[in-house]
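A.B. asks: Chains as they are written, first to last, in the working numbering: chain A, 1 to 275; chain B, 276 to 779.
Calculated from the structure, these hints are not laboratory results.
Note that the structure is predicted; figures quoted are calculated from it, not measured.
Incorrect hints may appear among the rest.
Said to hold, decoys possible - Pairwise CB distance ranges (calculated):
(1) Thr533/B - Thr214/A: 51 to 59 Å
(2) Ala594/B - Trp40/A: 27 to 35 Å
(3) Ala254/A - Thr533/B: 33 to 41 Å
(4) Ala492/B - Trp40/A: 53 to 61 Å
Where is the CB? At the ideal position from N, CA and C, for every residue including glycine.
So the chains spell out like this:
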Amino acid sequence: MEQASAIVLWIAFLLYCGSFAMFLVALFARHEGLERVGLWLVAGGWTLQTAALVLRGTAAGRVPVVGAYESLSAVAWSVALVYLALEFITRVKAIGLYVVPVVIGLLVAALTEYEAPRELMPALRSDIVVLHVIVMLTALGALYVAGGAALIYLFEEWRLKRRRLSGVLGRLPSLATLDKLMFHATLLGLPALTMGMAAGVIRVETFAVERWWTDPMVLLSAAAWVTYAVLLWGRLRVDWGGRRVAWLAITGLALMLTIRFAAVPYLSAFHTYGS
Amino acid sequence: MLVVVTGISHKTASLELREKLALDGEAALRVGRDLMTHAGACEAVALSTCNRTEVYTYASDVAAANGATVACLAHEAGVPVAELEPVVYHHAGDAAIAHLFRVAASLDSMVVGEYQIVAQLKDAYQTALEGGSTGPVFNRLFRRALEVGKRVRTETAIGARPVSVSSAAVELAAQVFGKLKKRTVLIVGAGETSELTATHLKAHGGERILVTNRTYAAAEELARRVGGRAVPFEDLEGHLAAADIVISSTAAPHYVITREHVERAMKHRRHRPLCFIDIAVPRDLDPGIGRIDDAFLYDIDDLRHIVEENRHEREKEAAKAECIVEEELDEMRRWLRSLEVVPTIAGLRDKVEGIRRRELDRLAGRLGDLGERQREQVEILTMSIVNKILHTPTVRMKEAAERDECYLYVDAVRMLFELDGSEAAEAEDEAAAAEDEAAGAEDEAAGAESEADGAGAPEEDAPGASAPAPDRDAPGASTRAPWQDAARGSGPAHARDEFEPGAA
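Just chain B, with the same shape it has in the complex (with noise of 0.2 Å):
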């Protein structure tokens, strides 16, 4: 069994392509449920963001379970499947985990470091929780894709600095006014660049946006979009005496504002500083306004300059967020591996083994009166007891093994029997254990070795120890078994009663 990922994203399809392939909530569920019904996965959570739609399924059969995750999204965009082939990408096992922890580190990003994805991240992981299509692996496969999502947040600084001019703009601003709180915000010109400046301003706390234009009628509309007041263009010095930070973008072939201008008005404003940011092309600010003490002046090339700076420290910061993902991957992979029935079989033997020999030692005063045979007879009727107990589920797990849903199983015994606690967890002497099943009750070379177990110590040296065990030195792996993520994930049963495609 496998984690599949196949899609498309901004890095192999167009955006026409990416537009027919956006799957809402309702959708996205559809795809799921198909590809559980009709594709043999287990489990299945489709993501759908403006940048990519992907589809991560829980399959044993790689190629069908991306055949069919292919037909099923041009099914659902209308195209043929021939056209979807050439942009999809697929990965499998190890690298689609770790595709989708890049995603959530939004290291696939159009823009690295950007927020929104987290958010959609969990998003389609809640509509196919509710819905019904994730299981024990996906419900901690996504859990932790968020927690990576947020660890490189908190962690590394890759969102710390904007990349688009407008944003670039609000930095400029906070340089020099610091909070932007109560600060007067005067807007030259209805463009678009403008709007998008002062809505960034307003979202950083700009309190008064005045919007001045040669055509007032343009000016009210843009005041009225970004919650601001239009002002009369002719009064121009008057608003600059007021404001604080002046965005121009008009499509003006001269200078709309020069340095008399503001000479003029900067006699009114007692050496408090004003912030100019020209964004036109050509510029609308004179440059001589630099030139006046207390006036800050910038253009668009500064402002691409910032962004291109920031850009540049987003890709250093991006290394330590690839680090986080490879660590958290790592995590992800001694989780997956645990799943597996033989180390399951081997813990459960040895947990039971486990107490059955410190029920004996408890014992061993009171037995102090029996002879050396009847103690033999003793140690063959626990050891039998043990022996029939576990035969039928271990015969049961290991037939379950071939089929896909086995993990379901071993989910189901670790967490009965909490073989994912702090020890004797991960038993490495597998092949010890499966020798045992077959022992009968003179096999005391097993009896003996179990006994280090059961003491709490399971030894290194335990003969066929080495290779696939999982590592029990990783307890954090372990503590939050899969059963506890089933268990939260199954919680919310109303939700799922309750749930509208349509919402979603």
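This is chain A alone, in the form it adopts within the complex (with noise of 0.2 Å):
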């Protein structure tokens, strides 16, 4: 079951870079019909991930977000979730180019440091935990994603405020679909996040430990929830242009990227992965 997952993660792997050369073809050649390719390659990829994961839990008995491997393709999988559903709910087209990199990205770190699946400690086995990991990581590929589109945001913006026009106009998704992007993916990605802290929370609260609220990482992400909120907030209630709207997805993604990657693994008292 566990050799099966593999295989299977290994396909949808080749699927995502196969509608990654689809994206990049697409966007010399200015084919529309090869960007439908890529997307359904990435719809396939993600249906073949999703079937990995399956098998992957199924031969750990549990859900499977424990360990480097296992949590970082789970990320992987969720951004390629998000993306999926902007691209079919929003149609805001030609972000796949830089959304799948994201997805081949985490996926090559998660085969790198491939391992047989563990044994979860006792204070792991619960709904709230199952329920926490899985709003986080819908959360941190929503937001990822808002990120990704805040950096092309300011990239473009930049360039067509310059003049320099080459390499933008007509490759590049329009200003506008940006921000739409960023807001949306935003607007996903924030109740996830609130979801997520609250079964933290209320997990921590269980066990009760004593000053949780001064870890690092919990403020961190209290940080990250403000951010975001402001976000919301700026574009709701007082029309906030793209730029400041970008800015704030740029450093909401750069506290989740500390939280993921440093403060979970490395500087969190409690927050442990079951080893």
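Using the supplied hints, reconstruct the complex from the two chains, each of which is provided in its own coordinate frame.
C.D. replies: Structure follows, in structure tokens:
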């Protein structure tokens, strides 16, 4: 089962790579049909990755989000999910080229850290932990996408402003599209982040961890939450322009990355991965 | 018989001459028919657009067809032949077909990658079709040409990016705003370029168009033409606050909109981006505007730069389009070759011989108690029936080969006997088949040879099979046979009756 999961994940990885190639060719050849092919390849890759996760979960007898391999793969899965949802629901086109490399990167990181499923420590065997992990992964996926869109937005705006149009015109998504993307992705990410944090707090309260609110991870999470809340408020209530929203999204992205790759594994005193 | 094209285009003739030679539907048809009655052309189509007037004929005497076409065009245009001759180009055979395909692919257009040519070509063909001046060859040729146009459009990005200043302005605005729906366009000044740009923006969804000018009447005039609303020039800042895209092209020698104007207007905009496009020389818009947050400023040089770059890109795509032309040319060439007499006779004989063979094989069981001699008699009898039936058609087709319209017979035979079907269609052993015709009942070698063909597998190594036989590796080329095209072509008979020259 574990082996099957790894094989299926590899195939999914290849499909993602294929879709990236399609997007690249579509960009240079300006071929919309290829872009659609790319989109379907991502959908196929995601479906297979889902299957791989299920197989892995069945092999391990738990939700497969424990350890670097599983959790990186799960983040990749949720980024792809967010991308597909945004693409199909909001019809924001032409972002696959920027999102799929993130998925591929995460999968490469995951595959290099491959390990056999390990036993879960007793403290983590709870529904609330499962909920916490799943909604946090969704939040991460969505907020990474928002941050990526923000980076492209700032780059493109800078080019347009300086009238350096080659490489931008007709190739990158329009500023309005990216603005919409940042907004929609945050709109999806913030509620998930809120839920995930609430689940975390409930869990930590039941274990009566002392002074948990001074933990670096908790503080950073709170900062990220405020950043995204300000972003949504500014965008919805005061009509903030794309640039300010983009800077907030990037700040949020930096915080989320720090949380995921520094605070959670190294800084936090009580957050463990079952080792 | 060859496809011949004779004509003038923007590459060879002046606009003045092209204007004189522009043919409307009626004139195009008249030219075509004229060439068919007087110059021995079997089929004719005249294509006339603002950039070209050219006449395609299917004729055996290339020089005569050329001469007649030039004379005919000179007559239509009311210019002496001598004036026309130096600017006319001719192509014949493959070159003419390639030319048509390149025209359809817009590779020969003034603006490579433009869209109209396919529609114009379609109209020209339709007119000729309804006027009865096309036949199997041109029905196929022009449909293929339209297909080339379509393929080039879908398989290359030749027309993907704009190559005019006003459409480049639209592309710029779209890069900022995405879809232009619900966007407000403010036109400052009533110049011609601003009108063109406004029309483009409107075509791309720009919803509200405001026009302002120092002279209110001019603003009203332009507003009426582009379907917008004239607004007073005095309230410029108010309009700036409301607009998303500003296009300026006044003749003013100084800046019409200054940085201060925009800064004040921006306060009311809450960071919504504002895109300025300055088409005027000298410039209307203060370059300082570009430094304001959320304001994007472009001038005519930027637009020209975009156009230049897009042109360059089209040239790259044109190389891909040339490949498509080449492919289609190959296929057309193959098909035209199939219209020659000798392979058709061979194909016909193979087909019938195949039937005879199969029927004999089928009966082999029931003829079991026949002796060797009787079997031979049956063989001779059936073979002689085949030969007798095929004798007259063979002789008639060979006679027809001497005449121009022989391809019509070929076409008919191929249709009636389904020679372009999957099997046995293009037998290669034409030499063997030609001998076959003379051969009597005792020619067992020929019989044996056809046996292989009858089984549905023509042999590569048949004697004399090598050179000019049509390629049977291309069932695609032959499945949509000329008769199909011809059948469709002759379909709208009622349309022909209703055809009104003036309407075209």
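A.B. asks: Each hint needs a verdict: does it hold in this structure or not?
C.D. replies: Results of checking the hints against the structure:
About 55 Å separates the C-beta atoms of Thr533/B and Thr214/A, a value consistent with the hinted range of 51 to 59 Å. Remark: the range hint 27 to 35 Å for Ala594/B to Trp40/A is upheld by a beta-carbon distance near 29 Å. At roughly 39 Å, the beta-carbon separation of Ala254/A and Thr533/B lies within the given 33 to 41 Å, and the hint holds. Taking the beta carbon of each, Ala492/B and Trp40/A are about 57 Å apart, inside 53 to 61 Å as hinted.
In summary, this structure violates none of the numbered hints.
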